Amino acid sequence: MMFNEETLKEIKAKSDEYDAQVAAGLAKRPERLAKFVTGSGEDVKRLYTPLDVQNTNYAEEIGFPGEYPFTRGVQDTMYRGRFWTMRMYAGFATAEASNERYKYLIANGSMGLSVAMDLPTQIGYDSDDSLSEGEVGKVGVAIDSLADMEILFGGIDLGEVSTSMTINAPASVLLAMYIAVAEKQGTTADKLRGTIQNDVLKEYIARGTYIFPPAASIRLITNIFEYCSKEVPQWNTISISGYHIREAGSTAAQEVGFTLADGIAYVDAAIKAGLDVDSFASRLSFFFNAHNDLLEEVAKYRAARRLWAKIMKDRFKAKKSKSWSLKFHTQTGGSTLTAQQPENNIVRVAIQTLAAVMGGTQSLHTNSKDEALALPTEDSVRVALRTQQIVAYESGVTNSIDPLAGSYFVEAKTNEIEAKAMEYIKKIDDLGGAVAAIEKGYIQQEIMDSAYNYQKDIEAGKTVIVGMNKFQIEEQPPKDLLKVDPSVGESMKKKTQGVRASRDQAATDAALAALKKACEGDENVMPYILAAVKT
Amino acid sequence: MSKPIRVLVAKPGLDGHDRGAKVVARALRDAGMEVIYTGLRQTPEQIANAAIQEDVDCVACSILSGAHSTLLPRVKELLKEKGGDDILFIGGGVIPADDIPYLKEKGCAEVFTPGTPTTVTIDFIKANVKK
Amino acid sequence: MDNLKERLLNGEKRAAARLISIVENNEDVDQILLKDLYKNTGNAYIIGITGPPGAGKSTLTDKLVKSVRKTGASVGVIAIDPTSPFTGGAILGDRVRMSDLNTDDGVFIRSMGARGHLGGISEATGAAVDILDIFGCDYIFIETVGVGQSEVDIVKACDTTVLVSVPGLGDDIQAIKAGVMEIGDVFVINKADRDGAIKTKNEIAMMLELKEDRSWIPPVDMTIAANNEGIEGVLESIAKHKEYMLESGNGFKRRVENRKNSLMNLVKDRMTRVLLEKTTNGGMFEELAQKIVAKESDPYTATDLILGKLNLS
Chain Y
1 MMFNEETLKE IKAKSDEYDA QVAAGLAKRP ERLAKFVTGS GEDVKRLYTP
51 LDVQNTNYAE EIGFPGEYPF TRGVQDTMYR GRFWTMRMYA GFATAEASNE
101 RYKYLIANGS MGLSVAMDLP TQIGYDSDDS LSEGEVGKVG VAIDSLADME
151 ILFGGIDLGE VSTSMTINAP ASVLLAMYIA VAEKQGTTAD KLRGTIQNDV
201 LKEYIARGTY IFPPAASIRL ITNIFEYCSK EVPQWNTISI SGYHIREAGS
251 TAAQEVGFTL ADGIAYVDAA IKAGLDVDSF ASRLSFFFNA HNDLLEEVAK
301 YRAARRLWAK IMKDRFKAKK SKSWSLKFHT QTGGSTLTAQ QPENNIVRVA
351 IQTLAAVMGG TQSLHTNSKD EALALPTEDS VRVALRTQQI VAYESGVTNS
401 IDPLAGSYFV EAKTNEIEAK AMEYIKKIDD LGGAVAAIEK GYIQQEIMDS
451 AYNYQKDIEA GKTVIVGMNK FQIEEQPPKD LLKVDPSVGE SMKKKTQGVR
501 ASRDQAATDA ALAALKKACE GDENVMPYIL AAVKT
Chain D
536 MSKPIRVLVA KPGLDGHDRG AKVVARALRD AGMEVIYTGL RQTPEQIANA
586 AIQEDVDCVA CSILSGAHST LLPRVKELLK EKGGDDILFI GGGVIPADDI
636 PYLKEKGCAE VFTPGTPTTV TIDFIKANVK K
Chain G
667 MDNLKERLLN GEKRAAARLI SIVENNEDVD QILLKDLYKN TGNAYIIGIT
717 GPPGAGKSTL TDKLVKSVRK TGASVGVIAI DPTSPFTGGA ILGDRVRMSD
767 LNTDDGVFIR SMGARGHLGG ISEATGAAVD ILDIFGCDYI FIETVGVGQS
817 EVDIVKACDT TVLVSVPGLG DDIQAIKAGV MEIGDVFVIN KADRDGAIKT
867 KNEIAMMLEL KEDRSWIPPV DMTIAANNEG IEGVLESIAK HKEYMLESGN
917 GFKRRVENRK NSLMNLVKDR MTRVLLEKTT NGGMFEELAQ KIVAKESDPY
967 TATDLILGKL NLS
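Protein chains in written order, with this note's numbering: chain Y, 1 to 535; chain D, 536 to 666; chain G, 667 to 979.
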């Protein structure tokens, strides 16, 4: 307990007095709104006091940084030790063009790479497939073969950078290519650092780039867990993503609940496949959104950390402290950006950056102001990166760990989000776990309901989006948007056809046949995928 | 019995962002329309065939992948080929203003970009379907 | 109008689609047109697919259609979804699971909202089936959630009705017991890789043993439609049922029974329309109801008065 009974009694008396006084004055001076809510539509009281956190046990529920339940952060010194990794998601057109952008970002102080792949690559089509028409190089870089991957990382020492790849259904293939490129550079797999997203469940829930059915996908994922625990021990084998769930319209509590439910499904599957929970748990990582409601978002990250720690310790009986701690990457919320008055987005991103940082993120991508319109230009990406640097070096919020802890409001919201998320997890357990809940459409339906309510609130003017449904101006359509050279599709087609013509087809066929056989049996398929990408 | 407007809400291309498509589908439903939703990753051929078989009054394509200039004109072309030139054809998504004149020239009656209230889309459909 | 007729007989999809809209909207032309064309019906074999939400009906239909298509036969699909009682709108999402069929020239899929049809959704469906039949479909699948009388009416109108279930839905079995069971000619346990599949199968088989009419005991097939497993078995059961219906003469009897029902509905529909016209759009009802409440009249005299308008009593 944070307060003794005597103190609480006094506060209660005073609080009642205050409530009565305010109530008496409301008739004359009503408040702006009848009801105040968070960005997720949760009620917000006029005032939070020690009464709202009287049942919170500091030692058990809040504790200290780097210690269970990690509410205050996963490292003991947090940003006093080192800042979060400023990781800007980038990639477009060809491997050559993306490689140039990466070198530009590194030169400007970016600390890790974050690779965006185009949709054909994400869904497993070559650039010359008819379904790739119009899509090649559009939302990311096109990778058809190892040759493209070598160009993508040309001149970048893979032993030095940490690389995050937003790749899910074919994550095993892209990871194998990364390992193969590193080997050619003379770097062994055990030195590699980075993350693959590799989270197929959320593709079914929210993002849509799935290939294989859930069961087969989960086998690939557990194969990667096992392979990396031995061969690529510094690699984060999955980034369990709430980001896209939130983008699809969920609330903050749903983001936590559904993401951790996915996490539970992966851990369950890996244990079922015979892995020891402590052998892979420390390499699980998470990926969350950052929206505009600063305090709710901070509470969300704190709640997620605490809840995951409890799940890993109590439900899965993990023994190592590292297995309990939830590390996460954050991206600022794409869906919060407006196409109207795009400069305003810089301010939104700054608030969201503060949320992620005060929430204790391990790495951060900040969106650029023009992303509701097109892929960002180099200039707008620089402003987004500078936003992180200003928060890191100038704002002062990084000097003390978890600086909002102890705020009655933030602690109460942390408790509330944890409880709501736990309710969702319980409901999903009752439905038979995340896979069954997705198959039944439960999770998608919940998210869609939230998204639709949010849209209706905006259209009714209940939720104000500055520049969009209030304070609008007449504006000219923006100029200078990034345009992907439309000839990329053609040149990629030629390149891939060239690779196909010049490779040792017999070796390729043999490698694919071996892989097929491995898939039909119970073996780990990773070594076969690695052999196949090299042919 | 008044006849409900039938709308095919389609997702051409490979992007999986269907929040917009689904929100619009619900809004149209709540405005009393019958919405046929195609699901993700539809080729122009699939969309045009569905539009004809469903005898819709309007085809609304949502696309966020950047492939709009390739795919939307193709859908319109196929609709025309299959005798559905009279079907109201509209698009929406992350589509740069610079690309909109081209899409209109290619038969998109209107293009709705992020931030458009669903009521605007509903009113546009009601005013422009052939009855 | 004649033009539409020609175009339908020529197998033009747009014409079939237009005509279905016309009957669905209860536009008057339907009856004149279908009078002429009715003689062209009767060639298609009609299969109903029904079961609770989430049983995988669309996926199963998708796989059955693909399998039938391998024989070269052309297929029509009518997928029915509920309509909002408040707005009259609907989201019809069955096509999502049948995407691949969209580019197959030998398949015609139509989604229908179970809107407040004057004559009931079953009438609109019946007319749509006739149109697809005339259009030239060899098989027509009707997919609908097996709840509500009108939907039971729809599947009753099929030559073979497939009742889809999934393991582990205890209430489901109860619902089947409660009366839907009598409409199933073939039973399918979908998602058969789930726990309790065998138990569900045995329970259903046991109930079917209790049937009074022993001439056809419906087979119970197991499928995992999503993996395309067990599909051929269902088709075989359908074929066997078709054969049984032909040989036993029950097929003919059922078609007569179905037409009788549909005729009854058409007559009711027509009479309701005429009645509304002759009673100032139901205004007479309002008037009489007020009098009944005020004890100035009674329900039986009022009925005589109304029927008098139709010259029926």
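Hints may be right or wrong, so weigh each one.
No farther apart than 16 Å at their CA atoms in a straight line, the calculated lysine to aspartate or glutamate pairs in the EDC-like style are these [unchecked claim]: (1) Y:Lys479 <-> D:Asp565; (2) Y:Lys456 <-> D:Asp565; (3) D:Lys617 <-> G:Glu902; (4) Y:Lys483 <-> D:Glu580; (5) G:Lys679 <-> D:Asp634; (6) D:Lys615 <-> G:Glu678; (7) G:Lys736 <-> G:Glu902.
Computed footprint of chain Y on chain D; a stretch qualifies when at least three of its residues, placed anywhere within it, have a C-beta under 8 Å from a C-beta of chain Y [stated by the list, open to error]: (8) 539-545; (9) 567-573; (10) 582-592.
Bear in mind the hints are in silico, worked out from the structure with no lab data behind them.
The model shown is predicted, which means the values in this text are computed figures rather than measured ones.
Yeah, the Cβ is synthetic: ideal placement off N, Cα and C, and Gly gets one too.
* **Violated constraints from the hint list, given by number and in increasing order** => 1, 3, 4, 5, 8, 9, 10
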